[in-house]
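Asker: Those sequence lines, one after another, are chains A and B.
Everything in the first sequence is counted per the numbering used here, starting at 1 for the first residue and increasing by one.
Everything in the second sequence is counted per the numbering used here, starting at 1 for the first residue and increasing by one.
Any given hint might turn out to be false.
Identical copies carry no separate label here, and so any pair may be met within one copy or between two of them.
Claimed, not checked - Only pairs whose alpha carbons sit at most 25 Å apart, straight line, appear in this in silico SDA-like list of lysine to any residue: (1) K347 with D237; (2) K199 with Q438; (3) K347 with L225; (4) K347 with G264; (5) K47 with L282; (6) K199 with L74; (7) K47 with I306; (8) K347 with L74; (9) K47 with D294; (10) K47 with E435.
Hints are computed from structural coordinates only; laboratory data are not their basis.
There are 2 protein chains.
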Amino acid sequence: MPASASWMRPDQTALFTDLYQLTMLQAYVREGMHEEAVFDLFVRRLKHRNYLLACGLDTVLEFLETLRFSDEALGYLASLDLFRPDFLDFLADFRFTGSVYALREGTPFFPDEPVLQVVAPIGQAQLVETFLLNQITFQTGIASKASRVVHAAQGRPVADFGMRRMHGVDAPLKAARAYYIAGIASTSNLLAGHLYGLKVTGTMAHSYIEAHDHEADAFRAFAELYPGTTLLVDTYDTLDGVRRVVDLVRTHGLRVGAIRLDSGDLDTLARQARQILDEAGLADVRIFASGSLDEHRIARLLAQGIPIDAFGVGTRMGTMADAPYLDTAYKLSAYAGTPRMKLSAQKSNLPGRKQVYRLRDASGLAVQDVIATADEAHEGEPLLECVMRDGVRTEAGRRSLDEARAHAQDELQRLPERLRALDPADPPYPVVLSEALQARLDQTRHRLENGAGPANEAVNAPR
Amino acid sequence: MPASASWMRPDQTALFTDLYQLTMLQAYVREGMHEEAVFDLFVRRLKHRNYLLACGLDTVLEFLETLRFSDEALGYLASLDLFRPDFLDFLADFRFTGSVYALREGTPFFPDEPVLQVVAPIGQAQLVETFLLNQITFQTGIASKASRVVHAAQGRPVADFGMRRMHGVDAPLKAARAYYIAGIASTSNLLAGHLYGLKVTGTMAHSYIEAHDHEADAFRAFAELYPGTTLLVDTYDTLDGVRRVVDLVRTHGLRVGAIRLDSGDLDTLARQARQILDEAGLADVRIFASGSLDEHRIARLLAQGIPIDAFGVGTRMGTMADAPYLDTAYKLSAYAGTPRMKLSAQKSNLPGRKQVYRLRDASGLAVQDVIATADEAHEGEPLLECVMRDGVRTEAGRRSLDEARAHAQDELQRLPERLRALDPADPPYPVVLSEALQARLDQTRHRLENGAGPANEAVNAPR
């Protein structure tokens, strides 16, 4: 198998889609259906989260700007015996020419609010569904999870250690970027460090200790090479490990920045280690904890006053173990100027183009969001901004990663404390529909159920 | 941000690693520690699984064969102010020259059994940890999950619909391949279809129906373009949708292969839809179900005799929602000819090179596995085979995807039924240590705890 078979190349993103996007596109082309459609990407409901942190827009805009069907892609599609030559010619010239309205990366948001809205000829807007859902669902999900971990750590630095058990190579890459937006301090992921300019950190593995005949030899060699490093003390007897670190500093004069505890009873060991270090005059050697941590465990440790200065968090954050996916949807809300929706009670959606307004109290705290129609004037801060027009990013679509991080921090500080807390917010954040949107919803439903709409057309088949 | 910033290029895999792998490697080089190490990749315990299905070896071997530090990677590492010029020169010439022993892809296995064992100079074997864990953890996890879904479907085809809510772009790609090994029938993922030669299938989205003025128009246009297609009937009133399909076939003479139900009460709707189709003489139109399915829901539907002929399974399988990661470990088990281990009760490991033997009863059913030392003769079928020698794949390291799928099917049929069932196996599959391995374990532990080993060295720091 050639090396290229394992990884998606940047020129292959057009094939990162469900087959049905292409069969529907061919049908639209054949039926001459090229009118403007509006699709909303939103989350239906939250699980174990009080808010979400919008993330993934930059990847989406890059995808839309560069979306092309290469000769390789066209050759593959031709081989499927589903697509006609004139449609493949259409694909060869395909460009995304639509517009995108989106929440800024780092904006907290809530169910039913569009995190992005695509306005484009229907075939184009439909085709990109799979990619947009894939990247927004994951990046927003992981940023939202990380935001809770950062909150739990109460200002102590959190390092991302998750890449080894995350789902494939793209997840840890995109997560490291999302983590940065959410306030994570650093990542162990070198590729992410390289691609996104993130701070990379790391310590040492148990194997390094075990490969040496004596734990003290391993400590000494590492601290000589990396002054101020973090030493992993729990390979054999944890407190003996701590005493060896003391010896290294006091007898050998080496500089050690921190010890790492990765197993065992963190509550007891951290306290005992702190005591040993303090009694030896090493109050400036910090304690770094890792191993099966998540926001709940971190909160519990800190609530008990366990002396931990920094955390390494991996698998549970990186796989969003308590809620490994968001219930995202990408739904047609208008076509050819007419609002559209699905009638199902469970899976309904809000028809037409929309805007989200955030209302604040006098202190600046967010108190309520209103989902409104796009063309009404409403009080509050409008959250959706035009990030792409006619296939080209606007200035708002070119915000930097640092802007997103700063924006997230600002916005999170202006959420009510019950929302930022780990426990379920009671009451949840209120999101209501504007009168105009409610009227449009009622009208559209009425039209589909009782009027000339498709739900009421004659059914000729035998009943 | 340049387009290349979003995706890992094949020549960047060397940077897909935790920083500490590189800092440890530099330390090993500096200390002149180049002796042979043995690392085991294994799973500590299972959650919601009775067995695992080995998967990911092909990706790992491709990685090891092609692992190089490009000028770009070296430039990035140099910028970190952690690595010395002579070490960067060492990296420029770096090649993986070790050997790998592994379970064939598609082999069912159990906790503590090495799914692969790397034998290489310690720095090399250490460096590749992150990548190996990342790919084996995910690919094995997702193959194992899918194997349960296939079992639950009792021979009915299962289509992969998961890419939209999975974690990034690599996960759905690798999953589609793993699914094929586990017995999934097809994928909606075009890129996976292209790269791995998998069968691609798909239907239509609700938006396609909604964009038309009448549901019947959408059905007709799609069935004309794709004779024998599957039509999604639940956008408005599901049973009216089914009647429109009947009308399409009987009045318009169009060919329809199946209807798809994606929401609502599948139990009732599938029965009613079947009745409408049968009464109209359309017994050959199949019923395809999708929407929040997993192995448990499928098993329940079929146990109740609900007439469903095929399943589309997405998010819950694709995110392994009930167990989103495996508790994998990659542990040093020997260095310079001496067995090594971590003493921690929770996170111990088996020292030295090993072989796994599978014992069978007269009918061929697997009854017990024995983890043995690599150099003893033991009854049973040895499961670890040499797949790479001196950095080059052996013939056993070049098995095809079809071989892996056939192997998985054979091996799963030879597992006791209680293991293949969805409920926890009682008793779990027995895995024991050979006498020789038990003796080595005891000796190593004794040496570390009581002998001249590192755990017992003098601690000079004040107690």
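Asker: Give the relationship of K47 and E435 under a CA distance limit of 25 Å: within one copy only, between copies only, both, or neither.
Answerer: neither (28 Å within a copy, 49 Å between copies)
Asker: 25 Å Cα cut-off: does K47 pair with I306 within a copy, between copies, both or neither?
Answerer: Classified as neither; 29 Å inside a copy, 30 Å across copies.
Asker: Within a copy, between copies, both or neither: where do K347 and G264 come within 25 Å Cα-Cα?
Answerer: Cα proximity of K347 and G264: across copies only (9 Å, versus 46 Å in one copy).
Asker: Using 25 Å as the alpha carbon limit, work out where K347 and D237 are close: within a copy, between copies, both or neither.
Answerer: This pair counts as between: shortest inter-copy Cα distance 13 Å, intra-copy 55 Å.
Asker: With identical chains, the pair K47 and L282 could be close in the same copy or across copies; at 25 Å between alpha carbons, which is it: within, between, both, or neither?
Answerer: neither (43 Å within a copy, 42 Å between copies)
Asker: Taking 25 Å as the upper bound on the Cα-Cα distance, should K347 and L74 be classified as within, between, both, or neither?
Answerer: Neither way: K347 and L74 sit 35 Å apart in one copy and 51 Å across, limit 25 Å.
Asker: When Cα atoms must be at most 25 Å apart, do K199 and Q438 count as within-copy, between-copy, both, or neither?
Answerer: neither (47 Å within a copy, 44 Å between copies)
Asker: Using 25 Å as the alpha-carbon threshold, which applies to K47 and D294: within, between, both, or neither?
Answerer: The answer is both: 16 Å in one copy and 18 Å across copies each meet 25 Å.
Asker: Can you give me the call for K347 and L225, within, between, both or neither, at a CA distance of at most 25 Å?
Answerer: neither (58 Å within a copy, 28 Å between copies)
Asker: Between K199 and L74, at a C-alpha cutoff of 25 Å, which is it: within one copy, between copies, both, or neither?
Answerer: Between. Shortest inter-copy distance 17 Å satisfies the 25 Å Cα cut-off; intra-copy 40 Å does not.
Of the numbered hints stated above, those contradicted by the structure are hints 2, 3, 5, 7, 8, 10, listed in ascending order.
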